[in-house]
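Participant: One letter stands for each residue in the lines below.
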Amino acid sequence: MPVAVKKSIPHFFMIIYVVIILVPFLFVLFSSLKANNTEIALHPFGLPKTWVFENYKEAWVKARISVYFFNSLYLAASAAIVGVLMAAATAFAMARMKLTRISKWIYQLVLVGMLIPGNVLFIAQYFLVRDLHILDTHWALFLPYTAGALPFSVLLLVAFMHNIPHELEEAATIDGMGAIRMFWKIILPLTIPALVTVFIVNFLGNWNEYLLANFFISRDALRTLPTGMVGFRDAFQTNYALVCTGIVFSVLPVLLLYSFLQRQIIEGLTAGSVKG
Amino acid sequence: MKKKLTSVLAASVAMSAVLAGCGGNNDNNNGAASPSASESASPSASASASASASPSASASEPAKVENFTVSLRHIQIGEPQKFRKAILDDVVKKTESEVPGLKFELDGVEDSVNRFTKLPAEMAAGNPPKVFSLFGGAGDAQKYAKAGRLLDLTPILDELGIKDKFLNVLDSFSVDGKVYGLPIGGNTEGIFYNTELFSKYNLNPPTTWDDLVKAADTLAQNKITPFAVGSKGAWVPNMLVNTLIGRVAGEAAIPGFKSGEAKWNSPDAVAAYQLYADWEKKGYFTKGELGKEYGDMLNDFVAGKAGMMFDGSWRNSAFKNDAVGAAIAGKVAYVALPAVPNGKGDQTAVNANYGEGYGFSADLNDNELAAVKAFIKNMYSDEMQLRGLLEDGVLPSMQLSDASIAQVTDPLLKQVLDVLKSAGKTFPHFDSVVQSKVYTETETQLQKLIAGKATPQQVGDAIQKVQDAENAAAK
Amino acid sequence: MKTTLKNPYVYMLFVAPTVAMYFLFFIYPTITSFVFGFTDWDGLNARQFIGLDNFVNAFKDAEFRSSIWNNLIILLFSCCIQVPLIIVFSLLISNVKRFQGFYKTTVFMPSILSTSIIGILWGYIYDPDVGLLNNFLNLFGIDPIYWLAEPKWAMFSILLTNAWQWMGFYIVLILAAILGIPKDIDEAAMIDGATGVQRAWYLTVPLIRPIINVVIMLSIAGALRVVDIVLVMTGGGPAGSTEVMASYMVNKAIKYGDYGYGSALSIIIFVIALILTALYQLLIARRQERIEY
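Protein chains in written order, with the working numbering: chain A, 1 to 276; chain B, 1001 to 1475; chain C, 2001 to 2293.
These are calculated hints, taken from the structure and not from any lab test. Where is the CB? At the ideal position from N, CA and C, for every residue including glycine.
Cut-off 27 Å, straight-line C-alpha distance, at most; resulting in silico cross-link-like pairs (DSS-like, lysine-lysine):
#  : chain 1 : residue 1 : chain 2 : residue 2
1  : A       : Lys57     : B       : Lys1085
2  : C       : Lys2152   : B       : Lys1281
3  : C       : Lys2152   : B       : Lys1305
4  : C       : Lys2152   : B       : Lys1282
5  : C       : Lys2060   : B       : Lys1263
6  : C       : Lys2060   : B       : Lys1453
7  : B       : Lys1414   : B       : Lys1165
8  : B       : Lys1146   : B       : Lys1465
9  : B       : Lys1453   : C       : Lys2152
10 : B       : Lys1214   : B       : Lys1305
Restraint-style ranges between C-beta atoms, simulated for each label pair:
#  : chain 1 : residue 1 : chain 2 : residue 2 : range
11 : A       : Val112    : C       : Leu2072   : 18 to 26 Å
12 : C       : Asp2192   : A       : Ala171    : 49 to 57 Å
13 : A       : Leu115    : C       : Leu2076   : 20 to 28 Å
14 : B       : Lys1103   : C       : Val2056   : 49 to 57 Å
15 : A       : Leu47     : C       : Lys2060   : 51 to 59 Å
Construct the entire structure; sequences and hints are all you get.
Facilitator: Here it is as structure tokens:
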């Protein structure tokens, strides 16, 4: 076999794979610009005959995508940030402070949390947020999202902080630094790569969460993107072009973000999973 | 590095502040409701009727209007529902103008999502919207009323003096003589057929069983789906099952399931399911129906891919010139399911439902109660009932004068009214009769029947098992 | 140093919020799940203790058994079909120089999207009339297939979408490990005359064994977590053929109002997860070092 052919074999298979990944997106994009279902059905593959942009205006108004988008964004970000900070503080105490016996207990406890599959506590959490009187407010998602990320975040950060050399603290203590300042000034900055990982993992997890968001939130104005879009699909399901427009709206910002931050996102997510 | 961290921290603080603001807002609403409600003494008649017009307010702060919102869950979303949505919007606007400070927060949710997913979860958690779309019957209104979740409307109806204006349609919304919900209108279920296709293939209107079967066979031979159906939500094919049971087992069977006088696995009921399975086998229904939505069914029918569909009479407004089904406007006719050979009971009986309506949360403060009263007054009025009939083809749930009904000009709607007029008896849909677990079992089993995973006898046995358990639990 | 890092008050300050949240949202719901699981609670009326009835019923419940089976199918599909494909594709990408970054970025992309939006998107791909897939198959003269409407196809459709979403994630995971292997080992083998396939099978795969184990573990966990995609695409239908344990639990609780029974199911799911984790530890991860405290 000539070298050139041999070299192109992997490319051949990878191009098939890439096409399979990309074609659904193109299909949705083209469909969103087509006039109606008949045109989608008759010309599924081609570009629209006439480019119809009205769908975009209509979907934006009818689906309130901006509201859903903002809700998702700030819930996902705030829960991820608060979760990261809480986990970092806890990890610092467990990895760097000298109360090892209780740390071991907490570690085992958190490890159990890793074993509970996410959905199992759904019913109990539903009634928990009801009893806390936060059902149908964003707290009903913020708190479970923050809490749900803790086991993984703590375990990862503990492992990371363990590897920071102890000399740093010794020097710091000689300078008379307290534990809190040591955490802020020395350990936390050194942990930034792991913090970014944890943040990205948690952010995407929250951003995409559907089950809790679907049942813990009723009011339209509070809905997040995944549930808002499913509601939109249910309302306009036979208007394919319109729903495809909705999909474009909800996917596009994520893809844009991804194109800028892909290296960080990929490394963050994969590093996190390997270590976790 | 340090800078970065500080900004992250700042951002997080800001985030939680936003969040706190949001939660706080909510608290404000709730908080404001209880203690300061008496302050709001609004000038509107309906509000002051709530009796708490406090003297202090009228003395010192005359123009102070407290703003409040009332959540309203409706199911009028999507194109086919636009007429009903317009009526709702007008009622909302009128009510807001009458009650100072009131703002309705509308939340449109797809019908079956609301009925079978959202509302049950909210009822269990005790936080339903203040006003919401509600169905009558043992599985819906009566169940929630017994659990104390619904507002007792009896005093409001007395106060507004409209109780006697309702037709005899409040039973499925009542428990122990108290009314907990109000049907917005009524409907019957029957066959819509495409007259153009029927004349193209020289078919008689499906008014007799033989003509119906012949039409279905002819359409099927010509690669046209005889009956459009979207069975992803099993309530859709359940409409036909209900009427088949009413025809084959007699109209008395349907109320009899709950009382124990009729059984799902009796030979008659099984025969009805058998009929359905036979049609299924003959290819009378849309291919891939289990993946089709209710909206797809209308689309297929409008596109001429199907010659008939068994649907609720509410669909008649979809075939107006300015509606989703405009493509076949004027080419649609409506008949009742014809008499079944060897059927029991009155074969002219048709199904009649007054199931869909509004219910109200039991947990209301004075302001919200005033809003609810005004909403009821405006929604359940002669004007809106007539508009519902004329614009949306919904049968009135309240008495309308003959002169009003004579205003109906839409030929399709006239056919619906004629079908009802010539019906010897009416029978309900079992979804408003049987307990919710039984009803959901009928859906599960019907989908199995359609998928060919269960025989009619197995379907009947499985449903009866749940029915027995529920009947036993009720005693 | 000793005093600062031993200060129990500071320790409490750092640990307390996390532990409090953890108790509120993990420990407490676990306890209430157990409490609910032994009752006939319907969410509306007072709950009554009914002993083990729910658990007995669960094992008699044919629908629940079939949902366990569906989870198992997902698990087997991910471990036996997806994982080998993932390894092959990672090896393919690792062997190219040009476009490596592009391939990596593209195959990874679906895993950052919301599962529910992917569910909506694929719902259209599978649409029998306008959908992409049937239109494509039509080019080869294949009659429309009712992907999500026929029991025999529906589960397969879900599996395909799930694979579409997640395979890229695992490929990138394994790719990172392959690229981390020192180059000289591979070069030495090349000089010895080993072919590309031989080198991949005898050299690379054994060296990335630990990460493959991680991928298997994540696939098992993922198979138990599947629920969004089912709820969005089929709602468990047609006729229950795509129901998984979690979606069945949610439907039983929310739609039927069987909160007691649903809680019992959630306990069973938890136990199944524990058993699978234990099996994994015994059979696959036995030799592997674990992160020890």
